[in-house]
Amino acid sequence: MDMEVVKTYIQRVGWPRIIIGIFLFSLFIAAPFVQVRVSTSISDTLIRFGMNGVMVLAMVPMVQSGCGLNFGLPLGIISGLLGAVLTIELGVTGFPAFLTAMAITTPFALLFGFGYGKLLNRVKGNEMVIATYVGFSSVAFMCMMWLLMPLKSPTMVWGYGGEGLRTTISTEGFYLHVLNDFLAVRIGEKFFVPTGMIIFLALMCLMVWAFYHTKTGTAMTAVGSNPDYARAAGINVNRMRVISVMMSTWLGGIGILVYQQSFGFIQLYMGPFFMAFPAVAAILIGGASVHKASIYNVLIGTFLFQGILTMTPSVMNSIINTDMSEVIRIIVSNGMILYALTRVTHSGSRG
Amino acid sequence: MKSVEKKKKEQQSLPERFILLITEYPVPALFIVISILAIPASGFSVGYLTQELITRLVRNSFLVLSLIIPIMAGMGLNFGMTLGAMAGQIALIFITDWGIIGLPGLFLAMILSMPMSVLFGYATGKILNKAKGREMVTSFILAFFANGIYQLIVLYGMGSVINIGSDALVLSRGYGIRNAVNLINVRQVMDNLVPIKLFGINIPLATFLFITLLCVMILWFKKTKLGQDMRAIGQDMAVADAAGIAVEKTRIIAIVISTVLAGIGQIIYLQNIGTMNTYNSHEQIGMFSIAAILIGGATVSKAKIGNVFLGVMLFHLMFVVSPMAGKNLIGSAMLGEYFRVFVSYGVISIALVLHAWKRLKEQERSRAGLQGIATEEARGSEA
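Chains as they are written, first to last, in my numbering: chain A, 1 to 351; chain B, 1001 to 1383.
Hints were generated in silico from the structure; no laboratory data involved.
Please note that a few of the clues may not be correct.
Taking beta-carbon pairs under 10 Å as the criterion, some of the chain A residues facing chain B (in silico) [as the list claims (entries may be wrong)]: (1) Val123; (2) Phe274; (3) Arg329; (4) Ile330; (5) Leu338.
Only pairs whose alpha carbons sit at most 30 Å apart, straight line, appear in this in silico DSSO-like list of lysine-lysine [what the hints assert, rightly or not]: (6) A/Lys152 x B/Lys1327; (7) B/Lys1361 x A/Lys118; (8) B/Lys1361 x A/Lys292; (9) A/Lys292 x B/Lys1327; (10) B/Lys1327 x A/Lys118; (11) A/Lys7 x B/Lys1126; (12) B/Lys1126 x A/Lys118; (13) B/Lys1302 x B/Lys1222; (14) A/Lys7 x B/Lys1130; (15) A/Lys292 x B/Lys1130; (16) B/Lys1223 x A/Lys292; (17) B/Lys1132 x B/Lys1358; (18) A/Lys118 x B/Lys1222; (19) A/Lys292 x B/Lys1132.
Virtual Cβ for every residue (Gly too), placed ideally from N, Cα, C.
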């Protein structure tokens, strides 16, 4: 193979992905030598891939329409949390509970997304920093609401006092593992493939992919790549942007439900506070930029990022006898976001 | 145009001017109202609140002042001030390890923090130059990133690679700094240098003088060539560049100054508190300082020294009062706690939204001006 081919290939894939990919690969290679089971590692990676995938997918619509990375993901997550707690209040169990939660999440997500989208239309050029603070403020606002909400289910309300929701609520008995266990493949004791969850992620991706092949979807991409051109072509730019934000918010809400059914807990209060950053980092690791993101970026990025998060604690612990995983997570994820933000981009200011 | 507005202002009656003042400074006005409502509900005495306010002013003013210069240079709110705070904390760890006591220790820490701050500030400036127009979100993420590096150094490097002798500092596993560092050696040495008691209220005069000195320096700096350059860049980067100002270099200098001041500010902050939460103290400093300056009436593109003091007072008044007010009004101290968190983030959001909205409108207006009146009319009917 000649050097030019390698060079263009590297350029296409991008150095950050290659480095992270090699790093992850070497962790998998090193694992058996330090008594870390590869089978467990792979199934853990798969589980975390499925858990986080939809939330990473929630980045795509907003990036495509030119609204930047969805740092306001917590807003979507909040709609999902509302869906979750109201489902538990209704007392639905099993798979119907998950569907109910999705159904309740939807109107909230569309409503929040609509307002959020309208707001972002007024602050064009500054979407990302404002999105971050919209996320933060809404989480802080909901902290007060969780305390005041007149819900009664004893699984959710603090035991003493009988008022205010708990910080973590178990999904056991409601929709714990409903997706994970659907058609799950178990080989031996340690290897597990959460087929249902992966299928669900695939369906979501397919939906978004299909949407981008509709007329509205193409118009949205046009808005993202050149708003002036799109306007000249008769597309209502602001409307497209609002639709994309609503989609992102809805995907965020569904994403947290998928996360909860696998994780086993609903995390209220400050739980969603920092959840946007891992999702943003994941899609960027997957090769997305502030202006362009695809389903491919979502899948590759989530796998690489979650793979590193799964493998570093176990492997690094065994090698150097300390748990540096938290620090590595902070440096890798924020380093990736920083890298993407400082890339020279064609269309001036967007922050 | 402006002089006409000024004349109008002079002709207005007192209530009209009052209303104008409120519309011009909606955020401080809102906070004054909140405070007026919440103070009686909290049940705190005036004496207690005054003492608290003075303590908070001493603690935070210097840090908040560090934000002014980047705002002047048009770089927005410097979330990267956290990096300066980290430099300050690393310096404090060293002087605590070396056992240097009192004022010399405090000043040594400040001097020690400076080269680190300059380095961090230089890096921040370089990075922000690559992200023009989105400085804020970049500096925000940079602060998170730097926090990772800080943890790597302090939690893993110190005691293993970097020599730290004191057992009181190092974790029992042999390396890494403990969660809490007792700053007894330098605790309130500056605050208690010239102790004054007025009506039973302690006033740390020396620290106030130190803060005043910084204020004077900022005022002087604004008038220097460099200060003028920064303001020109803040007005319009392209025009400043055309006028022969080294834009990128000047922006780096603005951030370096801010970072150095934040480092010193963090040392003053921690000497007042007396203990350092090695892994938390710096984290919230950026957010609190920014919320404070905005509550004081500053915007993303305009900040005065007066905004700092008013902001620190109003923000911390709410901080002190809201848990008790929440408890007395609704029976839940947690609610007050969350309320103040919400307000801190909410106020930053509002300030950012207002700024971005204004900027967008200006852009649209200048664009419409270029395109002629016809398009403007069309836009008007559309809206």
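How the hints compare with the structure:
no.	hint	result
1	Val123	holds, 4 Å
2	Phe274	holds, 9 Å
3	Arg329	holds, 8 Å
4	Ile330	holds, 3 Å
5	Leu338	holds, 5 Å
6	A/Lys152 x B/Lys1327	holds, 22 Å
7	B/Lys1361 x A/Lys118	holds, 15 Å
8	B/Lys1361 x A/Lys292	holds, 26 Å
9	A/Lys292 x B/Lys1327	violated, 48 Å
10	B/Lys1327 x A/Lys118	violated, 36 Å
11	A/Lys7 x B/Lys1126	holds, 28 Å
12	B/Lys1126 x A/Lys118	violated, 34 Å
13	B/Lys1302 x B/Lys1222	holds, 13 Å
14	A/Lys7 x B/Lys1130	holds, 25 Å
15	A/Lys292 x B/Lys1130	holds, 19 Å
16	B/Lys1223 x A/Lys292	violated, 44 Å
17	B/Lys1132 x B/Lys1358	holds, 18 Å
18	A/Lys118 x B/Lys1222	violated, 39 Å
19	A/Lys292 x B/Lys1132	holds, 19 Å
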